[in-house]
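Undergrad: The whole structure should be built from the sequences, with the hints applied where relevant.
Going letter by letter, the sequence shown gives residues 1 to 467 in full-length UniProt numbering.
The set of hints was computed from the structure by calculation and includes no laboratory data. Mixed in with the good hints there might be a few duds.
Label pairs and their computed distance ranges (CB to CB) [said to hold, decoys possible]:
| # | residue 1 | residue 2 | range |
| --- | --- | --- | --- |
| 1 | V111 | Q205 | 48 to 56 Å |
| 2 | H2 | E361 | 52 to 60 Å |
| 3 | Y232 | Q149 | 47 to 55 Å |
| 4 | Y232 | K39 | 32 to 40 Å |
| 5 | N47 | E361 | 37 to 45 Å |
| 6 | I464 | D395 | 41 to 49 Å |
| 7 | C416 | R114 | 42 to 50 Å |
| 8 | K291 | Q467 | 43 to 51 Å |
| 9 | K82 | K385 | 15 to 23 Å |
C-beta: ideal position from N, C-alpha, C; glycine also.
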Amino acid sequence: MHITFHGAARTVTGSKHLITLKNGYKILLDCGLFQGMGKETFALNENFGFNAADIDVLILSHAHIDHSGLIPKLVGDGFTGKIYCTPATVDLAKILLEDSAGIQESDTEFVNKRRAKEGLPPYEPLYTVADARSVCPLFVETPYNHWMQINDDVKLLFTDAGHIIGSACVHLAIREEGKEQRISFSGDIGRYKDVILKSPEVFPQADYLIMESTYGDSLHEGVFDTAETLLYWVTKTCMEKKGKLIIPAFSVGRTQELLYFLNQLSLERSLPKVPVYVDSPLSYEATQVVKSHPQNFNNRLKKILQYDHDPFDFDNLLFIGSVEESKALNADRRPMVIISASGMADAGRVKHHIMNNISDERNSILIVGYCEPNSLGGRLMNGQKQVRIFREEFDVVAEVGVMRSMSAHGDYDDLCQFLACQNPAEIKSLFLVHGEYDVQLHFREKLMKKGYREVIIPEQHERIHLQ
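TA: As structure tokens, then:
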């Protein structure tokens, strides 16, 4: 048996890990889209590094596009197997994949207009909306904490990862030549004090562990400061500068957290009376999916539901549907808050909002989560004074803020707590994925001091034999 790392290897995007058994049976863990990788992005998404038709089964940890976004291409290239994931992940993946396809079609059309003027050949989207819809019959809803027999030699268990609604850690029991090996894949690990979700669950002892490491060398700001920090930016931008506060936010997880905190401020009567626009049809649909799975909520939120039937709604909240309504926001000079996808600001409507408002000193752009350094959000967060958007250069005149307390990824303490249920002496190899290389090097040092004997940071497409 061996494993090959085809994505999220020394980077935080494009999650894809391929386990191949001695009999040739192939298990793909996640099939994510690379995002924010600059000029390399298209080539990385075009080439899997394996033959899609050879994959027997796909196991999806959660619905975020950097973990699920290449599934339509996988199917288009010949994959016909089952896709195992939790019920909430099925609901989210259906809308996220269709939205991803729509964004690709729209952005490709936008770019191709410019390419045509320059006499350049047109680009083709990676997949279409029709391709995304063709994936749906392959999903197999799999509940948490239930061993599922995949075939005669492979069993699957999901435990709650606490990252987004439906997110799971993947646990495989694989029998080869009369011996069972246990492989666990963390997916993305959530936080132990999340305002909406349950904490990551304990899980069975593993022989091999594939673990995300996004924040393996840092600690987040306290969650209890989030509402106050958000209020500061709304007040400063909308009330004092009379401008627009633009917040790039992932449609799943981050948007619902923002709405939760804004609702809290509204209940306390401290939220300024300015319109708050969620400019993303996907965010509206995702919020409805989140509401439909209250069994995943933590006990605190379940208690809040007893007196506030909708903790994601408040006065002056408006969801934007059509493209025309979205464009109208850029012509509207009134103070407002615009929450829009994507979270890294590298695609979708938020990219257009930033392009149209970045050169006005009245406005602010608030980054509320992780951004790959080469993404538009990453470049703004790192203080670049000029950024390239849709092949045009823009001076960064608007104020850029960063709020680190809202990450859905666990920090160093959370990652260590996640590992607390494991005996390091029984882990043959721990593979660090989904992280920047310098962060992973620091995290590996700390893990080895905790007793993990072999901590490996695989390279892209690296193949490693499991003894």
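Undergrad: Next, verify each hint and record whether it holds.
TA: For each hint, the structure was consulted:
Between V111 and Q205 the Cβ separation comes to about 49 Å, which falls inside the hinted range of 48 to 56 Å. Distance hint check: the CB atoms of H2 and E361 are about 55 Å apart, consistent with the given range 52 to 60 Å. For Y232 and Q149, the hinted distance range of 47 to 55 Å is satisfied, since their beta carbons lie about 53 Å from each other. Evaluation of the 32 to 40 Å hint for Y232 and K39 yields a pass: the beta carbon distance comes to about 37 Å.
Between N47 and E361 the Cβ separation comes to about 43 Å, which falls inside the hinted range of 37 to 45 Å. For I464 and D395, the Cβ-Cβ distance of about 46 Å falls inside the hinted range of 41 to 49 Å, so the restraint holds. For the hinted restraint 42 to 50 Å between C416 and R114, the CB-CB distance of approximately 48 Å keeps it satisfied. Roughly 46 Å separates the CB atoms of K291 and Q467, a value that falls within the hinted 43 to 51 Å.
The given range of 15 to 23 Å is broken by K82 and K385, whose C-beta atoms sit roughly 50 Å from each other.
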